[in-house]
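*Asks:* This is what each chain is made of:
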Amino acid sequence: MTHLPYIVAAYVIAVGLPVIFAAEAFFRVRSARLRLEAIDMRRDRGRS
Amino acid sequence: MLHRFANPGQFLRLSGKVLPWLFWTGGLLTAVGVAWGLFFAPDDWQQGDTVRIMYVHVPFAWLASAGYFSLAVCSVLSLVWRHPLADLAAAEIAPVGAGFTAVCLATGSLWGKPTWGAWWVWDARLTSVFVLFLLYLGHIALVRAFDDPTRGYRAGAILALVGVINLPIIKFSVDWWNTLHQPASIGLTGAPSIASSMLWPLLFSAIGFSLLFAAITIARTRAAVMERRIRSLLMAKASSAGEQEALS
Amino acid sequence: MTRKNRRLLVLLICGIGLGSAAALTLSAFSDNLVFFVSPSDLAKSGPSGRQVRLGGLVEQGTVEKSSGGQAGARFKVTDGNASVPVVYKGILPDLFREGQGVVVLGVVQPDGVFRASEVLAKHDENYMPKEVAEALKKSGRWNPASGSPPPASTWNEPAKPEADRPRG
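Chains as they are written, first to last, in the numbering used here: chain A, 202 to 249; chain B, 956 to 1203; chain C, 101 to 268.
If you're looking for bench data, these hints aren't it; they were derived computationally from the structure. This one's a predicted model, so the numbers in the text were calculated from it and none came from an experiment. Even for Gly, the Cβ is constructed at its ideal location relative to N, Cα and C. Do not take every clue at face value.
[Said to hold, decoys possible] Over 10 Å on every C-beta distance to chain B, these chain C residues come out as not near it, computed from the model:
#	residue
1	Thr162
2	Val203
3	Ser239
4	Asn243
[Stated by the list, open to error] With a straight-line Cα cutoff of 25 Å, these simulated DMTMM-like cross-link-like pairs (lysine to aspartate or glutamate) come out:
#	chain 1	residue 1	chain 2	residue 2
5	B	Lys1192	A	Glu238
6	C	Lys230	C	Asp211
7	B	Lys1192	C	Asp141
8	C	Lys176	C	Glu231
9	B	Lys1068	B	Asp1130
10	C	Lys237	B	Asp1004
11	B	Lys972	A	Asp241
12	C	Lys144	C	Asp194
13	C	Lys176	C	Asp224
14	B	Lys1068	C	Asp211
15	B	Lys972	A	Glu225
16	B	Lys1192	B	Asp1130
17	C	Lys176	C	Asp141
18	C	Lys237	C	Glu218
19	C	Lys238	B	Asp998
20	C	Lys238	B	Asp1004
21	B	Lys1192	C	Asp194
22	B	Lys1192	B	Asp1103
23	B	Lys1126	C	Glu225
24	B	Lys1068	B	Asp998
25	C	Lys230	B	Asp998
26	C	Lys237	C	Glu225
27	C	Lys189	C	Glu225
28	C	Lys237	B	Asp1130
29	C	Lys165	C	Asp194
30	B	Lys1192	A	Asp241
31	C	Lys144	B	Asp1004
32	C	Lys189	C	Glu164
33	B	Lys1192	A	Glu225
34	B	Lys1068	C	Glu218
35	B	Lys1126	C	Asp211
36	C	Lys144	C	Glu231
37	C	Lys230	B	Asp1004
38	C	Lys144	C	Asp179
39	C	Lys165	C	Glu231
40	B	Lys972	C	Asp194
I would like the entire structure built from these sequences, with the hints used as guidance.
*Replies:* In structure tokens form, the structure reads like this:
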């Protein structure tokens, strides 16, 4: 007796959620870093 | 020691170094564990191939509790030592923990239907894990409920600590009461009641998903630290611009 | 949405979440603490007319699958001391078999028969590959109908081959 649909659904959920979380975290870190660099650059220019 | 890690600048430097390693080893171990569990692990003599759901259900169940424990540790650090980093970390752990708990409940339900014959029963184990999910949701809402973020962090920390009582209830519910959910197969004491050909893939996926959980929460906290720095820089700039305007 | 409304909404969600958490905990952990009662408990209390959950093992040699169009079965649930006859109409779970742990939901009829409306199979904490189960059964070290298998640490030992046994 196989329950393949149940197994596939469980694995899709279990692998999908960490992937979504990881991608979201990656883009959040990147955009924050870029914005921070932009602010620092503007500040440096203001000083010189 | 603690203060060094609690320094946001130090945290940014350290986490930047550790994160790639955490993500890649976690991803690799998870891939091995998932492929092993899905394609190579043996069928169970009673459950047939439904047993394969265990390789993704058990790590998420463990992380649902472990994640809440880390939330509680952050709450203590926040309430007693007032570490600003602990506040940010707690606010970032809760959504991840809620997501992992939801996956634990969903995969368990997908296992319960073919094995027990029911998607859901209100036994002590399932109910207490559902309460854990509600505690995570309560923390997410409470932290964001105040205009003054410090008050939100404080309220969330108190809620997290009140909810810690649920962790031993989850762990021992299957031993203390008659539940439909089976007792633990692996414990600190005593031999596991699971074949070693099934234990190895479970070990890989458990460690893999744990590293991924750690990597995700650290990355989110990193983003939160940088976002806070952006806010304060912008605010400082706005106020200094205001001063200049007032002077001229 | 004004700030006040947002605060109200968030607080409301908080209240609902915490309130239902508390309510669920109380209801689940006070009178529903025990998910099922044993046949011995049931024998002591007698027919009450109330719906209860009965948990135990399906007794050996008592399963009669109903013939004809309708799915269902008659069997006895035992805990070693007492056993309760059960009738059930409906589809049985895959794991249902003699010697298996089950939880049945239903009412004890005045004649002492338990009329079940739901049968759940209880899985135990043992995870064992098919081949190991076959080998254990073949070598006579374990009979699934008689109870739980030997400890997992002994499963990997090869089933005692004939050659190892003292000859003669």
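*Asks:* Determine for every hint whether it applies to the structure shown.
*Replies:* Hint check:
1. Thr162: Label holds. Min Cβ-Cβ 20 Å, cutoff 10 Å.
2. Val203: The assertion about C/Val203 is violated, with a minimum of 6 Å to chain B.
3. Ser239: holds, 15 Å
4. Asn243: holds, 13 Å
5. B/Lys1192 - A/Glu238: Judged against 25 Å, a Cα distance of about 15 Å means the pair holds.
6. C/Lys230 - C/Asp211: Distance of about 41 Å is beyond 25 Å: violated.
7. B/Lys1192 - C/Asp141: Answer violated: B/Lys1192 to C/Asp141 is near 74 Å, above 25 Å.
8. C/Lys176 - C/Glu231: Distance of about 30 Å is beyond 25 Å: violated.
9. B/Lys1068 - B/Asp1130: Given pair B/Lys1068, B/Asp1130 holds - Cα atoms ~23 Å apart, limit 25 Å.
10. C/Lys237 - B/Asp1004: Holds, at about 20 Å.
11. B/Lys972 - A/Asp241: holds, 22 Å
12. C/Lys144 - C/Asp194: violated, 31 Å
13. C/Lys176 - C/Asp224: Holds. C/Lys176 to C/Asp224 sits at ~19 Å (cutoff 25 Å).
14. B/Lys1068 - C/Asp211: With Cα atoms ~32 Å apart, B/Lys1068 and C/Asp211 exceed 25 Å; violated.
15. B/Lys972 - A/Glu225: Status holds; Cα separation ~19 Å.
16. B/Lys1192 - B/Asp1130: It is violated: about 59 Å lies between the C-alpha atoms, which goes past 25 Å.
17. C/Lys176 - C/Asp141: holds, 15 Å
18. C/Lys237 - C/Glu218: violated, 31 Å
19. C/Lys238 - B/Asp998: holds, 18 Å
20. C/Lys238 - B/Asp1004: The given pair, whose Cα atoms are some 22 Å apart, holds under the 25 Å limit.
21. B/Lys1192 - C/Asp194: Between B/Lys1192 and C/Asp194 the Cα gap is close to 68 Å, so the pair fails against 25 Å, i.e. violated.
22. B/Lys1192 - B/Asp1103: Status holds; Cα separation ~21 Å.
23. B/Lys1126 - C/Glu225: holds, 14 Å
24. B/Lys1068 - B/Asp998: Status holds; Cα separation ~18 Å.
25. C/Lys230 - B/Asp998: holds, 6 Å
26. C/Lys237 - C/Glu225: holds, 19 Å
27. C/Lys189 - C/Glu225: Violated - the C-alpha atoms of C/Glu225 and C/Lys189 are around 28 Å apart, more than 25 Å.
28. C/Lys237 - B/Asp1130: This hinted pair is violated, its Cα atoms lying about 29 Å apart.
29. C/Lys165 - C/Asp194: holds, 14 Å
30. B/Lys1192 - A/Asp241: Given that 25 Å is the threshold and the Cα spacing comes to 11 Å, the pair holds.
31. C/Lys144 - B/Asp1004: Violated, at about 40 Å.
32. C/Lys189 - C/Glu164: Roughly 12 Å separates the two Cα atoms, so the pair holds.
33. B/Lys1192 - A/Glu225: Violated, at about 29 Å.
34. B/Lys1068 - C/Glu218: Distance ~13 Å between B/Lys1068 and C/Glu218 Cα, so the pair holds.
35. B/Lys1126 - C/Asp211: Violated - the C-alpha atoms of C/Asp211 and B/Lys1126 are around 40 Å apart, more than 25 Å.
36. C/Lys144 - C/Glu231: violated, 42 Å
37. C/Lys230 - B/Asp1004: Answer holds: C/Lys230 to B/Asp1004 is near 10 Å, not above 25 Å.
38. C/Lys144 - C/Asp179: Within the cut-off at roughly 14 Å; holds.
39. C/Lys165 - C/Glu231: Roughly 28 Å between the alpha carbons, so the hint for C/Lys165 and C/Glu231 is violated.
40. B/Lys972 - C/Asp194: violated, 50 Å
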